[in-house]
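2 protein chains.
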Amino acid sequence: MLRPPPGQGQGQGRAVGSVLKTPKGTRDHPPVQAALRERLLGSVVACFKRHGAAAIDTPVLELRETLMGKYGDNAKLIYELQDQGGEMLALRYDLTVPFARYLAMNKITNIKRYHVAKVYRRDNPATTRGRYREFYQCDFDIAGQFDPMLPDAECLKIVHEILSDLQLGDFLIKVNDRRILNGVLAVCGIPESKFITTCSTIDKLDKVPWEEVKNEMVGEKGLSPEAADRIGEYVQLHGGLDLIEQLLQDPKLSQNKLAKEGLGDMKLLFEYLTLFGITGKISFDLSLARGLDYYTGVIFEAVLLQQENDHVEDLVGIGSVAGGGRYDGLVGMFDPKGRKVPCVGVSIGIERIFSILEQRVKASGEKVRTTETQVLVATPQKRLLSARLKLISELWDAGIKAEMLYKKDPTLLKQLQYCENMGIPLAAIIGEQELSDGVVKLRDVATRVEVDIPREGLADEIRRRLEP
Amino acid sequence: MLRPPPGQGQGQGRAVGSVLKTPKGTRDHPPVQAALRERLLGSVVACFKRHGAAAIDTPVLELRETLMGKYGDNAKLIYELQDQGGEMLALRYDLTVPFARYLAMNKITNIKRYHVAKVYRRDNPATTRGRYREFYQCDFDIAGQFDPMLPDAECLKIVHEILSDLQLGDFLIKVNDRRILNGVLAVCGIPESKFITTCSTIDKLDKVPWEEVKNEMVGEKGLSPEAADRIGEYVQLHGGLDLIEQLLQDPKLSQNKLAKEGLGDMKLLFEYLTLFGITGKISFDLSLARGLDYYTGVIFEAVLLQQENDHVEDLVGIGSVAGGGRYDGLVGMFDPKGRKVPCVGVSIGIERIFSILEQRVKASGEKVRTTETQVLVATPQKRLLSARLKLISELWDAGIKAEMLYKKDPTLLKQLQYCENMGIPLAAIIGEQELSDGVVKLRDVATRVEVDIPREGLADEIRRRLEP
Numbered sequence: 001m002l003r004p005p006p007g008q009g010q011g012q013g014r015a016v017g018s019v020l021k022t023p024k025g026t027r028d029h030p031p032v033q034a035a036l037r038e039r040l041l042g043s044v045v046a047c048f049k050r051h052g053a054a055a056i057d058t059p060v061l062e063l064r065e066t067l068m069g070k071y072g073d074n075a076k077l078i079y080e081l082q083d084q085g086g087e088m089l090a091l092r093y094d095l096t097v098p099f100a101r102y103l104a105m106n107k108i109t110n111i112k113r114y115h116v117a118k119v120y121r122r123d124n125p126a127t128t129r130g131r132y133r134e135f136y137q138c139d140f141d142i143a144g145q146f147d148p149m150l151p152d153a154e155c156l157k158i159v160h161e162i163l164s165d166l167q168l169g170d171f172l173i174k175v176n177d178r179r180i181l182n183g184v185l186a187v188c189g190i191p192e193s194k195f196i197t198t199c200s201t202i203d204k205l206d207k208v209p210w211e212e213v214k215n216e217m218v219g220e221k222g223l224s225p226e227a228a229d230r231i232g233e234y235v236q237l238h239g240g241l242d243l244i245e246q247l248l249q250d251p252k253l254s255q256n257k258l259a260k261e262g263l264g265d266m267k268l269l270f271e272y273l274t275l276f277g278i279t280g281k282i283s284f285d286l287s288l289a290r291g292l293d294y295y296t297g298v299i300f301e302a303v304l305l306q307q308e309n310d311h312v313e314d315l316v317g318i319g320s321v322a323g324g325g326r327y328d329g330l331v332g333m334f335d336p337k338g339r340k341v342p343c344v345g346v347s348i349g350i351e352r353i354f355s356i357l358e359q360r361v362k363a364s365g366e367k368v369r370t371t372e373t374q375v376l377v378a379t380p381q382k383r384l385l386s387a388r389l390k391l392i393s394e395l396w397d398a399g400i401k402a403e404m405l406y407k408k409d410p411t412l413l414k415q416l417q418y419c420e421n422m423g424i425p426l427a428a429i430i431g432e433q434e435l436s437d438g439v440v441k442l443r444d445v446a447t448r449v450e451v452d453i454p455r456e457g458l459a460d461e462i463r464r465r466l467e468p
Numbered sequence: 001m002l003r004p005p006p007g008q009g010q011g012q013g014r015a016v017g018s019v020l021k022t023p024k025g026t027r028d029h030p031p032v033q034a035a036l037r038e039r040l041l042g043s044v045v046a047c048f049k050r051h052g053a054a055a056i057d058t059p060v061l062e063l064r065e066t067l068m069g070k071y072g073d074n075a076k077l078i079y080e081l082q083d084q085g086g087e088m089l090a091l092r093y094d095l096t097v098p099f100a101r102y103l104a105m106n107k108i109t110n111i112k113r114y115h116v117a118k119v120y121r122r123d124n125p126a127t128t129r130g131r132y133r134e135f136y137q138c139d140f141d142i143a144g145q146f147d148p149m150l151p152d153a154e155c156l157k158i159v160h161e162i163l164s165d166l167q168l169g170d171f172l173i174k175v176n177d178r179r180i181l182n183g184v185l186a187v188c189g190i191p192e193s194k195f196i197t198t199c200s201t202i203d204k205l206d207k208v209p210w211e212e213v214k215n216e217m218v219g220e221k222g223l224s225p226e227a228a229d230r231i232g233e234y235v236q237l238h239g240g241l242d243l244i245e246q247l248l249q250d251p252k253l254s255q256n257k258l259a260k261e262g263l264g265d266m267k268l269l270f271e272y273l274t275l276f277g278i279t280g281k282i283s284f285d286l287s288l289a290r291g292l293d294y295y296t297g298v299i300f301e302a303v304l305l306q307q308e309n310d311h312v313e314d315l316v317g318i319g320s321v322a323g324g325g326r327y328d329g330l331v332g333m334f335d336p337k338g339r340k341v342p343c344v345g346v347s348i349g350i351e352r353i354f355s356i357l358e359q360r361v362k363a364s365g366e367k368v369r370t371t372e373t374q375v376l377v378a379t380p381q382k383r384l385l386s387a388r389l390k391l392i393s394e395l396w397d398a399g400i401k402a403e404m405l406y407k408k409d410p411t412l413l414k415q416l417q418y419c420e421n422m423g424i425p426l427a428a429i430i431g432e433q434e435l436s437d438g439v440v441k442l443r444d445v446a447t448r449v450e451v452d453i454p455r456e457g458l459a460d461e462i463r464r465r466l467e468p
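Protein sequence lines, in the order shown, are assigned to chains A and B. Under full-length UniProt numbering, think of the first position of the first sequence as 1, with each following residue one higher. Under full-length UniProt numbering, think of the first position of the second sequence as 1, with each following residue one higher.
Be aware that one or more of the hints could be misleading.
Among chain A residues calculated to face chain B with C-beta under 10 Å, some are [unchecked claim]: (1) LYS24; (2) ARG27; (3) PRO30; (4) THR58; (5) LEU91; (6) THR371; (7) ARG383; (8) ILE392; (9) TYR406; (10) ASP460.
It should be emphasised that the hints constitute simulated quantities derived from the structure, not laboratory data. Quantities reported herein were computed from a predicted structural model and do not represent experimental measurements. The beta-carbon is built from N, C-alpha and C at its ideal position, and this holds for glycine as well.
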């Protein structure tokens with residue numbers, strides 16, 4: 001099967017042997033990174049479990065048609081598999097569409113689930129800022145018909161807990177509602193056909209000043225300057241309950257059915273968030289639009305704030321680290337009869353957070369342990385390999401995390417150096433004397449203190465010493 | 001972009017709406033299956049960590065050329081991605097080749113790592129027997145130049161521990177060495193060009209009687225009946241140290257350099273396995289050949305035995321659940337200068353084991369919990385939603401796994417039923433009386449016993465109650 005030579009890959013090729021690299025926009029996780037990621041994902045999953053979510057898993061591969069028509073323009077970023085006979089397949093783009101497919105396929109109308117897994121996007125990678133073509137998503141979603149805003153409020157509480165737990169510094173969670181946004185556009189005289197494209201311009205307000213946004217609206221999107229100005233009066237607003245009350249009294253907006261519904265729910269949401277004690281980090285922000293088509297109600301996005309010189313004025317957003325919202329129509333797109341299952345969910349942007357943690361660990365000089373070994377089984381003299389093998393076997397069988405060097409006769413120095421390099425806290429040393437006494441010398445690697453322990457009590461003593 | 005209609009997928013399609021299915025040979029894991037899998041993988045990973053392995057992760061996508069030329073005939077089972085511009089990509093077929101690529105790329109000559117992740121094979125699925133196109137592999141490998149047979153023995157100890165821990169019933173670990181097998185073929189007069197194809201015939205001895213194997217050797221592979229008989233005398237042998245000693249004295253085999261090396265190492269391996277106390281489940285089996293090209297030394301495979309009517313004679317192999325061996329040449333295939341890194345490793349066949357566990361749980365009627373929720377926050381009267389939200393927020397912030405119903409005014413019966421359905425052991429009930437007394441009624445769902453607990457001590461009391 002001959003193929004044309006690959007375009008992009010070629011430049012990085014070699015004349016001889018294999019090209020030694022991972023695909024563009026992907027990376028290996030060596031042990032230190034894998035350990036950090038385990039720590040990070042552990043913290044996120046702990047939060048999801050704290051909120052009673054069950055895990056599910058779906059395949060990385062989906063039928064191509066399952067993904068098509070769900071991502072708007074972003075469909076071009078979907079990886080497709082070669083037609084090797086059989087079904088047309090693609091790699092999942094996110095975890096939300098497969099979740100909706102799963103619900104419709106199994107006629108599930110009520111579930112709270114989390115899913116931590118890799119997704120794939122043929123995007124332009126920016127790996128230093130944590131943007132990859134293969135990356136993890138951590139999703140928590142609540143599906144089902146419930147009383148308004150209760151699941152939505154819990155999603156925001158989860159974002160608040162995760163970002164607080166990870167101690168990433170100050171953050172802000174922006175909240176809006178697609179119904180309010182659509183209501184604003186309607187009362188500003190924008191035709192419905194221009195809602196989506198106008199929203200994508202509004203979404204830029206967190207990065208560029210209003211004047212530029214207005215220019216784009218008028219120049220590129222064909223709005224009148226007056227309409228743009230009317231929009232500008234709304235979308236530059238952000239605040240809390242006061243703002244919601246003010247807009248509920250707004251002569252124009254209060255006449256729009258959708259906006260009124262959205263504002264009523266936003267008020268309820270803020271009441272619940274007040275009871276959770278987290279409104280201090282929540283901002284009702286009318287410029288928040290979010291890219292994806294499928295949102296139908298509340299939308300939100302969390303950004304980290306970089307505090308410089310303790311001036312609150314200098315807070316600069318360094319990017320979104322979580323986002324989500326309500327999508328009540330997506331499951332219905334998969335159901336043959338169009339039956340809807342209301343859903344709300346949140347996705348944690350784990351790669352950006354991981355980049356931050358990685359840099360922080362590097363800066364702190366912290367030595368990350370990559371293994372959990374509790375004890376190295378060592379011998380001080382030669383010809384004691386059998387003794388080491390017997391002892392380590394006893395420890396493994398007793399559930400102790402133990403290693404030994406794969407050498408017949410290593411020096412004690414080499415063995416102790418291995419402990420220091422790998423951060424192994426204890427060494428169980430067994431020599432001629434210990435063998436005949438029926439004991440093992442247990443050495444604390446840091447303090448170098450050695451104590452003889454009866455062999456049958458060794459596992460318990462190791463456990464006792466390493467209790468947290 | 002028009003495409004021809006997919007062949008295989010078509011029959012399962014619908015006239016209207018999306019095809020609601022996962023790709024052929026893949027499956028979703030609903031909460032019960034995800035929970036069982038977490039239990040299973042947890043046990044396997046615990047063993048890998050007990051042996052001091054670090055985690056690594058590599059991408060699901062690899063450059064096509066990284067995978068090519070490593071899997072012999074099985075290369076046709078590799079999933080390839082469409083050429084969408086850029087590099088030619090494929091989905092990984094196993095975790096071993098990416099591991100070797102990782103070692104060569106980073107010039108790592110010494111590591112003990114585990115990797116639990118999905119791999120992809122366009123094989124004929126047999127999902128009832130746990131054979132999928134997307135499935136998990138759990139690999140443990142030791143790379144580095146060490147004293148002979150020490151890492152190899154640890155790999156076998158790991159298989160023994162995992163299969164014992166999982167209580168899958170009786171099992172047998174077959175061991176052989178590629179050098180012994182090649183030596184046998186050489187002394188039986190087989191030309192080296194026929195080694196691999198003859199091996200693949202020998203490998204069938206665990207499923208069909210010798211006569212059939214012989215017929216294939218003579219009829220299909222073109223060996224003389226005499227040569228086949230000579231091979232038959234060897235490959236039907238299995239045993240322990242005695243057999244090794246016997247073959248070391250074998251007039252023909254002892255003259256073959258490779259076989260002698262292999263037998264010497266096999267003897268050493270059995271000495272180590274004796275010290276580990278596991279030879280009872282190890283069989284030196286000259287018919288074990290293993291499919292993959294890259295093995296160079298010790299090879300092994302674990303099979304579960306089904307014991308019928310307590311007759312040891314009736315033991316029937318129900319398939320391989322773990323396998324591995326030594327592959328000293330694979331990393332060198334990636335190194336521009338061909339530098340070798342000796343490696344030995346084991347892969348746990350988690351899908352088959354998972355099928356068995358799933359069936360066993362089904363048969364036992366065990367109700368698998370899919371969440372870890374410790375307490376449901378409940379109210380006995382109406383208009384107490386605020387009290388529930390405040391209390392649950394306190395519990396979450398104290399690290400308690402807590403849920404509430406997403407209803408403003410659910411009945412107490414509904415709330416308690418939810419506890420029973422989901423296996424939630426406790427309910428924290430807060431009503432008018434409790435609010436004014438500053439207490440919470442903590443109910444044991446199983447016994448229905450209720451005790452008033454001061455609100456500030458609730459989290460601690462819940463933790464105390466649920467201590468293992």
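Unsatisfied constraints (hint numbers, rising): Hints 7 and 10 are the ones this structure does not satisfy, whereas the remaining hints hold.
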